[in-house]
Each structure stands twice: as C-alpha cells, then as structure tokens.
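Chemist: Below, each chain spelled out in residue letters.
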Amino acid sequence: MSLGVSEREEYSQEYVDWIKRIAADLDTSDEQGVVTASLTLVELAFRQGVPSSLGRQLVDSLLAKLTQNAVIARSAAWALFWLSGGNGQGRQDLVLAHAISDHEIVLKVLNSDVLDSTVAVFLLAIRQQGNSNRGDSNDELGEQIGPRLLSSLESPEVATRGNAVFALDMIRYEGAVDAYINRFRDDDAYVRKAAIHALGNLASRKVKLSEHQMAEIIPSLIERMQDGSAEVVQAADNALRELLNKEQAVGLLPMLKHEKQTIRHRATQLLLRLDCEEMINSFAPEALAEYNVEDFSKPTR
Amino acid sequence: MGKKFTAMISSTARDLPVHRKEVMDACLQQGIFPVMMEHLPASDEDAIEASLRMVDECDIYIGVYAWRYGHRPAGHDTSITEMEYNRAVERDIPRLIFLMHEDHPIKAADVEKGPGAEKLEAFKQRVGAERVANFFRSAEDLRAQVVNSLASFVRSGNLDTKTQQQAFAGHKAELRYRELALESCDIVDLANLPESDRHIAAKHLELRRLYVSLRIWVESPAGVDEEATLQAVEQRRQVDLSDQDKTRQRQVRERVSVGERLAAAGRLVVLGDPGSGKSTLVRWIATAYLLRLGQDKDWQAVPDVETLPDKNWLPVIIRCRDLDIAALSGSFEDILRCTLRKAEMTSNEVESLQVVIRQKLKNGEALLLLDGLDEITNPNSRAQFSQQIERICIAYPQTSVIATSRIVGYREMGYRLGRGFEHVTIADLTEDDKDSFVKRWCRLTEPPERYDRSVAELIADIHSTDRIEQLTGNPMMLTTMALVKRKVGKLPTRRADLYSESMRVLLNWRREVDTPIDDREAIPQLEYIAYAMCERGVQQLVEDEIIDLLEQMRGEFSNIHALRNHTPEEFLRLLEGRTGILVEAGHSRYRGRLTPVYEFRHLTFQEYLAALALIDGRIPNRDRNKPLIDYVAPLAGHVSEVQLPQTADGGIEVVVIENWRETLRLYIASCDDDKVEDALHAILHPLADEESRLTARPRAVLAAMCLTDEPNVSSEVARSVFSEFVQHINERDGRGNIQTSADQAVVLLAGSHWADMLIEIMVREFIRRNAPINVQYQGNIGGLCAVALAAKAPKAREATV
Chain A
0 MSLGVSEREE YSQEYVDWIK RIAADLDTSD EQGVVTASLT LVELAFRQGV PSSLGRQLVD
60 SLLAKLTQNA VIARSAAWAL FWLSGGNGQG RQDLVLAHAI SDHEIVLKVL NSDVLDSTVA
120 VFLLAIRQQG NSNRGDSNDE LGEQIGPRLL SSLESPEVAT RGNAVFALDM IRYEGAVDAY
180 INRFRDDDAY VRKAAIHALG NLASRKVKLS EHQMAEIIPS LIERMQDGSA EVVQAADNAL
240 RELLNKEQAV GLLPMLKHEK QTIRHRATQL LLRLDCEEMI NSFAPEALAE YNVEDFSKPT
300 R
Chain B
0 MGKKFTAMIS STARDLPVHR KEVMDACLQQ GIFPVMMEHL PASDEDAIEA SLRMVDECDI
60 YIGVYAWRYG HRPAGHDTSI TEMEYNRAVE RDIPRLIFLM HEDHPIKAAD VEKGPGAEKL
120 EAFKQRVGAE RVANFFRSAE DLRAQVVNSL ASFVRSGNLD TKTQQQAFAG HKAELRYREL
180 ALESCDIVDL ANLPESDRHI AAKHLELRRL YVSLRIWVES PAGVDEEATL QAVEQRRQVD
240 LSDQDKTRQR QVRERVSVGE RLAAAGRLVV LGDPGSGKST LVRWIATAYL LRLGQDKDWQ
300 AVPDVETLPD KNWLPVIIRC RDLDIAALSG SFEDILRCTL RKAEMTSNEV ESLQVVIRQK
360 LKNGEALLLL DGLDEITNPN SRAQFSQQIE RICIAYPQTS VIATSRIVGY REMGYRLGRG
420 FEHVTIADLT EDDKDSFVKR WCRLTEPPER YDRSVAELIA DIHSTDRIEQ LTGNPMMLTT
480 MALVKRKVGK LPTRRADLYS ESMRVLLNWR REVDTPIDDR EAIPQLEYIA YAMCERGVQQ
540 LVEDEIIDLL EQMRGEFSNI HALRNHTPEE FLRLLEGRTG ILVEAGHSRY RGRLTPVYEF
600 RHLTFQEYLA ALALIDGRIP NRDRNKPLID YVAPLAGHVS EVQLPQTADG GIEVVVIENW
660 RETLRLYIAS CDDDKVEDAL HAILHPLADE ESRLTARPRA VLAAMCLTDE PNVSSEVARS
720 VFSEFVQHIN ERDGRGNIQT SADQAVVLLA GSHWADMLIE IMVREFIRRN APINVQYQGN
780 IGGLCAVALA AKAPKAREAT V
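For the protein sequence lines, the chains are A and B, in the order given. Start counting the first sequence at 0; every next residue gets the next number (numbering that gives the first Met the number 0). Start counting the second sequence at 0; every next residue gets the next number (numbering that gives the first Met the number 0).
Please note that a few of the clues may not be correct.
Claimed, not checked - 35 Å max Cα-Cα, derived DSBU-like pairs, lysine-lysine:
| no. | chain 1 | residue 1 | chain 2 | residue 2 |
| --- | --- | --- | --- | --- |
| 1 | B | Lys486 | B | Lys794 |
| 2 | B | Lys171 | B | Lys20 |
| 3 | A | Lys107 | A | Lys207 |
| 4 | A | Lys19 | B | Lys791 |
| 5 | B | Lys486 | A | Lys19 |
| 6 | B | Lys171 | B | Lys296 |
Keep in mind the hints are simulated off the structure, nothing from the lab. Only a predicted model underlies this, so the values are computations on that prediction, with no experimental measurement involved.
Here chain A stands alone, though its shape is the one from the complex (with noise of 0.2 Å):
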C-alpha cells in the first residue's frame, strides 16, 4: 500500500487471516454475508487499515458489487470511499483511489441510466481523491451525470437530496442553480447548507449568473441570515461575499435592527466589506457603533 509515507506494516498473522475470510465473504451472493463484509471494511479501513496485499483483492470484489442491488451496491460503495482514504481522515490510499477512480465498473455505473445518489456520491469523492494528483476533476462527467442527479433532489429522503447536492458539487454543475435555490428552503438545515455551499462555490469559479437567478439568490440568501440553523447562517454569509455587490446590499439594510447580535454583526460586517458605511449610519448608526465596541468574534474585513 502507497500511503504517501515511507511507511512498514506489521499487521499480524491472525489479522491477515480475518480480513482473508471478510474477502470470501465478499465473493458469495449471500446478500447479508456480502454487505456484512462491506460494512466491517468500512470500519476496519478507517481504524487500523487493511493489508496492502490485500488491498486490490477487496476493492475487485467491491467494485464487482456495486452493479447489484441498491443495499450492496451503496455498502460497496462505502466499503470503497474508506478503503482509498475517506473524507481524509482515514487512511488515505492513492494506488487504490486511482485504481478505482478509472475503472470501467466505476465509469459504467456512473453513467447508467439509473444512478443512486448515495453510490453516485462516494465513487465521486473517491474519484476526486484519486485524480487531484493528476489534475483532472470530475468536471467532465458533470453535462451526462448532473441532470440524473437534479431528479434526486426531489426526494423525500434527506440523505438523497443531501447526496445529490454534494454530487452535483462535485461535477460542477452548472445547470443545478435554479435547483439549488429551490433546496435554500429544504426542511433540513444539512441539505440547505450543501445547497448553499455549492452556490457559493460556482459563484467563486466566476460562473455566470442570469439576473433573473440573482433576483431570487440575494434575498433568498439574506433571508437564511437568520436561519435557525448555525451552519446555513455561515454558508449564507460566505456565498454573500462571493456574490454580493452595493446596489444589491440595501436588502441587508433590515438585519442592521436584527434582534439577534450576530445577525447584526454579520450584516455590518458584509455590508462595510461592499464600502457601505454611509449606508449603515443613515439607517442603523447604532449597528455600527456597535461593531466597532464589540470585539467578541469579530470576523476579519
């Protein structure tokens, strides 16, 4: 295994042998052997990590599996993202990322007419992991995987809509806006952050914006300033900045009387950031005078 250090195993015997007989259990069409097998790698991958001579045996098997049913195929999938290293805090493993990211069965169920959002979503991020490297991306895959994955946000599973949100994040796609600005009012505050949070990644990539999506995106993000959720509160000030200019600032104006400090700090703090100090004193100087005392957790201009 290649993980980047110069790096000496010593997985003991019966260990080898354990992970020996999860790789059998792999290899048999019992439905409840195989995904047992996948879960306890996902495990194992992220804790002690497998031997590497093992290595490329299980992720065969896995990757054999994400053809079959929606159950195996997802805990395949996972088995897969923390065999190459995870999220990054696993251990990560780029031999085995790039041998997944550009095999066939990867490419193939990415681009099957019936794509599940979970599978879609793991086999992305490894694919990312593995080709950061080179410096290809998953950009390519974003004009014939991105308008499957629009259906997904549909759904009425959370995880569902929150995966295809993080997978059209991923592909870059630019044809998710008007979807996106439909999730800034999901009923859960992981899917409006995600949702968010892509849009302020395709704002930051420069990417062109109709007005009529603008007209919506402004105060839509201004309204999740006072969002229930931290996280949505935080996603929506960073998308700000990226997209937010004087004439459209005036829509802070409102939150400058806002009864919760941090909404008022956070709305002085976009809105000197746009040169619109003029603005705050004729509407709110008491906001400013504030700001200016308060040196709590003062975000840097």
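Dock chain B against chain A, hints included.
Modeler: Just chain B now, kept in the frame of chain A:
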C-alpha cells in the same frame, strides 16, 4: 569540681592520626574529656550507631576536616563524618570547626578525588556557612587553635551545665518524638484482609514501601479569590460524582507534585474527598523527613522522595481530630501540648520538646503538618483554629505548613486560610500511578514466585473496564479492589459481583479497630437509604433525613430483627465510623441549623444498593400487595432530554433518567434467574398510560444495555430485546464516535456473548431499510453495525513509520 565536659573529635581517621592525637591532648589540657571513634566496627550500621551515640553523649563537637570526605556506609550517600556533624547540628551543641589550610603539607594519597571530593567541597561550604571555621597549617598549629577555642569557649560561659542539660533533654525528647511519629506514620492499615491473609496483616507493613505517589492540581495560588475557586472545585466534584466519563477530562489538567508546590509556595491547603489520600500524603511526607533526619538508609528509597524540598525538616504532625476543646481555642503551646501528650510523651518530654520545636519553627527547620481540618466538628471551632494557624504563620514566617481537609468541610466553615496559603486538590490516580501501586502491593502481599503473574493479573483487571478504571481513582478504592482481587482471586468481570465484593470489603474497612457491623443490619438499611436517594434524585442527604428514613424503616420492616441492634443515630454513627460506604461529606443548613450531610462514597454504591432494594423489596412506603416487578416498569419510563456531544448538526436525545439508568442495569444483573426475563420485559415495554413515542427508544436502549452484563436470559428474550432496539436506531447513531446511548449500548454489547446475534439483527435491519447513506454524517444503523463488527477484529498491530 563540677561536671566533667566531653568533646567529640570528629574527623576522617586514616589521613589524620597525628592531628587527632594533638586535638585529644588539647582537650585534656583544657580539662575536657575527648571521645572519638578509633576503630570502625565491623558493620556499617554499627559504625553509624556508635558514632552518633558518641555525638549524642558529648557536650562539644570538634570537627577537623582535611582533604578526604571519608567513609560512606553501604546504602548511604553521606559519610560518617558528615553524619556526626549533622547530629551535632540537630542537637544544637557547641561546634568548633577546623579546616586544613591550603599551605598545609599533604601527601597526594590523602587527597580524595572524584565524587568524594565534590561532596567534601559541598560539606565544607555548608559548614563554613553555618560556623566560623579556623584554618590550621600543621598538627601543632591545630593543637594551639583547639586549646585557644576551648579556653575562650569555657570562659564565655557557653558551656554552662544547665543549658547543656536542657539541650540534652530536648534532644532526647526529639529522638523519642521522631521514633513515635515514625511508628504512627510509616504503617499501612491492612486491617480488612480476608481471613486467610491475617498473617499479612500481622506483618509490619510500612508506608515507605506501599505509598503510591499522589499528585495535586493547583486550584488557587496564594492571593487568588479562593471563594470562587472553591465553589468551582465543589461544582466540578458534583459533576464528577454524577458523570462517569469525566475522569479522563480531569486527568488532562496539569498534575504537579506536592513537594514542588511546597517548595514554591511554602504553605498549602490540600483538599480532597474522603479516601483521596490526604492523610496518607501527610504520613508519607512525615515518614520521608523522619527517615532523613534519622539518616536511615531507606530514606532515599521512599517512593517519590526526590520531589520533596531538600531540607532537614522536623515534621510536626498535628491531627486535628486529636485536639480537645481547650487546645482548639488555646494557644499554639496548648495545641502542641495536646498533640504531644496524645502521642504518649511524658510531661517532661513535652516541655523539652516544645522548646526544640519552637526553635526549629523559628529557624525554618520544621514542617508543620495539620491533618484533617474538617475533622474539627464545629465549623466555628474550625474557623477559629484556622485563624490560629495564621497566627502561627506570622510568628514563624520561615516555617512551611501543610493543612489538609475535605473539600466540603473546608468550604462550609466560611473561613479561608490566607497568609500565603495556596489551595490545591488531590488529583485522581493515573493508570501509571495505579500500576506502580499494584507492583508495590504485590511485592508486599505475594510470594516471590507469584509476583510477576499477580502484578500482570491485577493490572489487567484494574484497567479492564472504564467502570473499574474510574472506581479506582483514589487510593482507598484502589486498595479496596486489590483486597477484592485477593479475596476472590480475580476481579469479577460482572459489575454486580464486583460491587458486591467491594461492599463487603468496605463494610469491614476498620475491622481491626472496631467490631464490624452485622451485614444483616447494615445492608437492608443501606438499601433503603440508597433507594430513597435515587427516588429523590439526590446524592446527598442531611443527617435528619437519614435518621427519619431509618426510623420509618423500623416501622415498615419490623420483621428484620437486626434493625433493633442500634438506634438510627447509633447506626449512622457506626456506619460512618467503621465502614467506607456512607461518608459524611460536610454540613448543610437544615431547618435553621447546621447539620451533617452524608453521601455514598461512590455513586456506584448508591446505584448498586438501590438495585438490591428493588430485588429485596426494601423500598420506602412499599405496597406489599403489589409485586416488586410492578415497581420496575415505571422507573424505566422516567426519561429526560440530554444534549448530545458537540456535533455539526447539534441535537438532543431522550434517555432514561440518570437516577435509574444504572440502578436498573444493576438490578437486572443481580436479579434471580427466574425473574430476570420478566424484569427485562418490564423495562422494554412502555406502560399503557405512558407516552411511548418518547419512552420506547430509551426503554429499548436500556433493555439492550442490560444485556451487556450478560444476565441469564434465553436467546428468544435477547432476540426480542435486540429486535426492538434496532427499530429505534436512527441517523444520529453510528457516526463513528460514541455519542448516543445506542452507540454506547452497541459498543458494550460488541464485547459480550450477544455480539453475533445483535450484529445479525442489525444487518438484517440495514438491508430491510434499504436507505441511502448520508455522505456527510454517515450515521445510520449500518454505521453502528460497522462499529460492532470492527470491534470483533483481532488486534491488527498498527503499521509503524
């Protein structure tokens, strides 16, 4: 002619035979009888004893030092010559010092090199700093100087008989005090060893061999707002009592040695809970300094002694519980007199020793150890005594002082020791501390051939579960576990068995001192009190409430004859005095007056006894027509919301309230086999009048958790519990860290013999749900299942870089 004075001639022998003869002649010329060690006895110990006895018996000390440090007896770092000087200093007898001048002709062989030369240099510097030294250039020159010095000394009247006699009496009294103090400090109370181990208890076990190094946390340096600090200490203590997971957090704080703080601050108030080792700490410090003063070769082998300030302090130990009212309200002289008389010294000895102690306190040569301020029953007397301590500090500014107290006892007196006192608390024992204790313990209690195995077993047992790890956080509970292990052969893995054995040890904690209380009398009453405390959701009761409960019990359980052995007041006193289970934790204002407050030594004991109460039916206001199982079902329906540990999306969880969670688990673990399945069902299923939307999950989690103790239930019952449990696993569970109660249950069950069944049921449920996996949190039944599966993996041995 009056008394004939004697002079001890102290020097190295091999290199100075001529000089010694000259000094001897000089003494005789002045009418003073010279004594010196001409030939060293065969053994080093005999040599030390003989030399020091000579110093003890002489009136004047004459030290002659050339270029040799002299013989260092085996096991000692100090030469006999320096020991003789030290003894003369201790006795404070006149000392005449003569150093060989650099111009004095000398053979190369008579100049010591290496470490001895360094020690000689340090010794000469010390002597020079304490005394005016004379330098001699030849043996004849030395003789002339000794004659002159002795003559002027006699003329000055410094050798007046009365003064000498007083000094000698003081020295003798000090020696006796040190002997008595060492006897009382350097012992380990192993009174409650199992019957088969009485031979060990009969052995003289010394603290110097068993002491486990205690560390402290600095709570407030001198001058800081002590009141706020103490409040914080007490609040933290309350949290620690109720939260089993806090131990590790507490250990993160910086732990320092008491010696380090003593050297820095000079005056310490050492606070701690019962059993935390406050008195042991005082006894260890006293033992170390007493051994050092006695130049005992064991001194440097005393555990942790290197952390103590490098001083020749005489420890003056005052045990507050020994002080009578007169002493408490009297002067320092009264306090000393009372203490010394309690130590069985005669009135003459006390008078002589008081002079010595006063002198040493003045010179900063004594360490004042005040043990157990909280044991002064009346808070006003306690405060008055504290003021007296401050006056002592003013009178003797050079003196270092340590005062110990229970946290609550110190706080409630409403007076804080000022005058530069630093407030510290005794830290929990770390894993290393415990291992060190285990090694010492096994060295003392096991035959050599069993030592290695016993150490390995006990260390493994103590660290086997978080529960035991937490239980053994203080020296008393650590010793309790060691005693249980000794009695049973292995620490029981089932918690209920472990607590049961620990209870037996604690019930007999002072067995050697007092007659033990009859179990048939103690256990039912403890059960009754514990249940009442859980029912009220409290961990402390004031004395009046406990007395009321015990009275009530006598009315409700007239069939338990042993209850009549003592009145409630007598029983409570016996329980507190003779056992280590229910302890007085301070005072509280109740119905307008200060009343003692009691708590179980550890919350675990309260919970365990409450569980026994459910089994034995010793429940306050019990309806005898109602089956006991009917008492169990509603308890599991008491739920509360808890904040989940910090997660990205926050959140709360509903769980069975803390008062009953552990109690019900211990109840199932202790239940009779023929009742346990009904009891589990009673916990699992919500009652008809209950809001099952809220209580179904907490009940299912608790029922599953109960199975971690592996009670004797059938597979069918276990399966029904797990099947219900998995229904309630949601996206907040299984996110990788133990955050929810379900996470905790699964992790515990993964180590039990139910692991395979639980995993199988969880995987089935995961497949049945066929739900997407939230990529951000990855929490779901699959994640939880993965945790359980990985827990079964053999040890991987991490890759090494």
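Chemist: Hints first: check each against the structure and report whether it holds.
Modeler: Now the hints, each set against the structure:
| no. | hint | in the structure |
| --- | --- | --- |
| 1 | Lys486/B to Lys794/B | holds, 32 Å |
| 2 | Lys171/B to Lys20/B | holds, 30 Å |
| 3 | Lys107/A to Lys207/A | holds, 31 Å |
| 4 | Lys19/A to Lys791/B | holds, 15 Å |
| 5 | Lys486/B to Lys19/A | violated, 44 Å |
| 6 | Lys171/B to Lys296/B | holds, 21 Å |
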